[in-house]
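*Asks:* Generate coordinates for the entire structure from the input sequences, incorporating the hints supplied.
Chain by chain, the residues:
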Amino acid sequence: MKLFDVDFFIESFPKILAKLPVTLLISVAAFLFAVIIGFIVALVKIYKVPILQRLADIYISFIRGTPVLVQLYIICYGIPKVIYYEQVNYSRLTAVDVNLIPGVIYVLVAYSVNIGAYQAETIRSAIEAVGRGQMEAATSVGMTRTQTMVHVIIPQAFVIALPNFGNALISAVKDTSLVFVAGVIDILAQAKILGARVFNFLEVYIAAALVYWAICIVIEVLIKKTEEYIRRYERAIV
Amino acid sequence: MITIKNVKKKFDNTEILKGISLNVEDGKVVAIIGPSGSGKTTLLRCINYLEDPDVGVISVGDSLITAGKAGKKDILELQRRTSFVFQNYNLFRNKTAIENVMLALTVVKKYPKKKAREIAEEMLDKVSLPRDRFEYYPSSLSGGQQQRIAIARALALNPEVMLLDEPTSALDPELVDGVLDVIRTVANEGITLIVVTHELSFAAEVADEVVFMDNGEIVEQGKANDVLRRPRELRTRNFLRSIRREYPKIS
Chain P
58 MKLFDVDFFI ESFPKILAKL PVTLLISVAA FLFAVIIGFI VALVKIYKVP
108 ILQRLADIYI SFIRGTPVLV QLYIICYGIP KVIYYEQVNY SRLTAVDVNL
158 IPGVIYVLVA YSVNIGAYQA ETIRSAIEAV GRGQMEAATS VGMTRTQTMV
208 HVIIPQAFVI ALPNFGNALI SAVKDTSLVF VAGVIDILAQ AKILGARVFN
258 FLEVYIAAAL VYWAICIVIE VLIKKTEEYI RRYERAIV
Chain Y
23 MITIKNVKKK FDNTEILKGI SLNVEDGKVV AIIGPSGSGK TTLLRCINYL
73 EDPDVGVISV GDSLITAGKA GKKDILELQR RTSFVFQNYN LFRNKTAIEN
123 VMLALTVVKK YPKKKAREIA EEMLDKVSLP RDRFEYYPSS LSGGQQQRIA
173 IARALALNPE VMLLDEPTSA LDPELVDGVL DVIRTVANEG ITLIVVTHEL
223 SFAAEVADEV VFMDNGEIVE QGKANDVLRR PRELRTRNFL RSIRREYPKI
273 S
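First to last, the protein sequences are chains P and Y.
The end of the first sequence is residue 295 by this note's numbering, with every number in the run present.
The end of the second sequence is residue 273 by this note's numbering, with every number in the run present.
Careful: at least some of the hints might be erroneous.
Below, in silico cross-link-like pairs of lysine-lysine (DSS-like), each with a Cα-Cα straight-line distance of 30 Å or less [claimed, not checked]:
id, chain 1, residue 1, chain 2, residue 2
1, Y, K91, Y, K27
2, Y, K94, P, K102
3, P, K281, P, K231
4, P, K138, P, K231
5, P, K72, P, K231
6, Y, K30, P, K105
7, Y, K131, Y, K50
8, Y, K94, Y, K137
9, Y, K136, Y, K91
10, Y, K91, Y, K32
11, Y, K94, Y, K132
12, Y, K245, Y, K27
13, P, K105, Y, K91
14, Y, K32, P, K105
15, Y, K245, Y, K94
16, P, K105, Y, K245
17, Y, K32, P, K102
18, P, K102, Y, K95
19, Y, K95, P, K105
20, Y, K27, Y, K95
21, Y, K95, Y, K131
22, Y, K91, P, K102
Since the hints were derived computationally from the structure, they do not count as laboratory data.
Just so you know, these numbers come straight off a predicted model, no measurement behind them.
*Replies:* Listed below in structure tokens is the structure:
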């Protein structure tokens, strides 16, 4: 018996790497949706919109207070059941065939909603960190709230939020390793499948870990470069 | 013409403005002086609704707002007739010097970029910002340069009145004169100015009228020379004396 089957490792590695696009697609897409959700929720909290503000608090509290795996189960079992219920009891949504909805959709919904809750807080604090002075300056030259947001607040808040965005994206890449529960084959699911064929798991899991590690290093570098570029206005030239 | 009628403002339970009335004719320069906490900055901020007054009427040109009855549009309209220069400049940090001046021209006035740039260049020349600094971000400029850009930004909108809130208080002493020079130039062009300031000699020289505020009310107002050299009220005299003791040079 070998502790580590190098040949099996080398043979599995490209097959696991082949699922990199799946992991990347899910995590990047979910992250982008999450930023949109987070931005809307952040605005609701900043402008203290009645009722919606309470809902936003409950949403953030629930997502942060429950495991993402549980959320994933709720979405994966909940959505098909709701659709089925509507079809059977009210003959609505009949154009949808529950069995044809790909698992990726559920996964995207679950992760967007999950990451969105965390992003809401990041974005809210970033917007608030821009400072009242900038907002007042824009008001004093007659800009509307929306104009102020677009031209002054968001560009600056983005820079402040960037390190957190980087961390969130890295977390997203790793957190999506649970998507096998929806039948989606990503890096980790592929590793499980390959390992199960020969009951050799250590090699494939290490291969999967290396792939995750590599993506995260690349993301870190990209974020750093973006940050350097975007922070140019904070650098003193003289 | 700017008319302020019975303006009151409370923060929590502290009455900051206790019913201020003031008229400023077009083209005049009014200096507001007074101890800190007297409400001068709050008054200035109420004039362009950076702060909503609780009670009172503010009118600038044809735009008139009664506190509590103002719609968003009315407030925006008022804000577009006034411009504000802040103590700590508040330049847009994500914009270069020239972009700071251009932004409101393109976004609010909807001027094409080229026209906005021309106006911005003219304004920055007027406040004597060196041309090679036009593309610098505020973080790379001195306080004096930033404040002059802020004045250019305020001027570019061609406001009916410019409100300046202690425009030199945050500056290093050697940069004060450059900014005061710019304000002097602006005053000489006939733009209506309301300046909150501690620079008494500057007020004496440039202001047509001086208003002394204390404890949320106007204690004394009149010709600059009268208020500063021959104050009628005891409170004014005490204040002037204390300021002259503290900053013997500027007075």
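*Asks:* Each of the hints needs a verdict: does it hold here or not?
*Replies:* Hints versus structure:
The suggested pairing of K91/Y with K27/Y holds, with an alpha-carbon distance near 15 Å, which does not exceed 30 Å. About 21 Å separates the Cα atoms of K94/Y and K102/P, which keeps this hinted pair within 30 Å; it holds. For the hint pairing K281/P with K231/P, the CA-to-CA distance comes to about 19 Å; that is within 30 Å, so the pair holds. A distance of roughly 28 Å separates the Cα atoms of K138/P and K231/P; the hinted pair therefore holds under the 30 Å criterion.
Distance restraint check for K72/P and K231/P: the Cα-Cα separation of roughly 19 Å lies within the 30 Å cut-off, and the hinted pair is therefore satisfied. Simply put, K30/Y and K105/P have alpha-carbon atoms about 26 Å apart, close enough for the 30 Å limit, and the pair holds. About 26 Å separates the Cα atoms of K131/Y and K50/Y, which keeps this hinted pair within 30 Å; it holds. Among the hinted pairs, K94/Y with K137/Y is consistent with the structure: their alpha-carbon atoms are about 29 Å apart, no more than 30 Å.
A threshold of 30 Å between alpha carbons decides the hint, and for K136/Y with K91/Y the separation of about 39 Å lies outside it, so the pair is violated. Of the pairs offered as hints, the one joining K91/Y and K32/Y holds, with about 17 Å between alpha carbons and a cut-off of 30 Å not exceeded. For the given pair, K94/Y sits about 20 Å from K132/Y by alpha-carbon distance, which is consistent with the 30 Å threshold. Distance hint between K245/Y and K27/Y is fulfilled; the C-alpha atoms sit about 20 Å from each other, no more than 30 Å.
The hinted pair formed by K105/P and K91/Y meets the criterion: a straight-line CA distance of about 22 Å does not exceed 30 Å. For the suggested pair K32/Y and K105/P, the alpha carbons sit about 22 Å apart, so the restraint of at most 30 Å is met. The straight-line distance between the Cα atoms of K245/Y and K94/Y is roughly 36 Å, outside the 30 Å bound, and the hint therefore fails. With a C-alpha separation of about 47 Å, the suggested pair K105/P and K245/Y falls outside the 30 Å cut-off, and the hint is violated.
This hinted pair checks out: K32/Y and K102/P have alpha carbons roughly 26 Å apart, not beyond 30 Å. In summary, the hint linking K102/P to K95/Y is supported, as the alpha carbons are separated by about 24 Å, within the 30 Å threshold. This hinted pair checks out: K95/Y and K105/P have alpha carbons roughly 21 Å apart, not beyond 30 Å. For the hint linking K27/Y to K95/Y, the alpha-carbon distance of about 21 Å falls within 30 Å, and the restraint holds.
For the hint pairing K95/Y with K131/Y, the CA-to-CA distance comes to about 15 Å; that is within 30 Å, so the pair holds. For the hint pairing K91/Y with K102/P, the CA-to-CA distance comes to about 26 Å; that is within 30 Å, so the pair holds.
In summary, the numbered hints that this structure violates are 9, 15 and 16.
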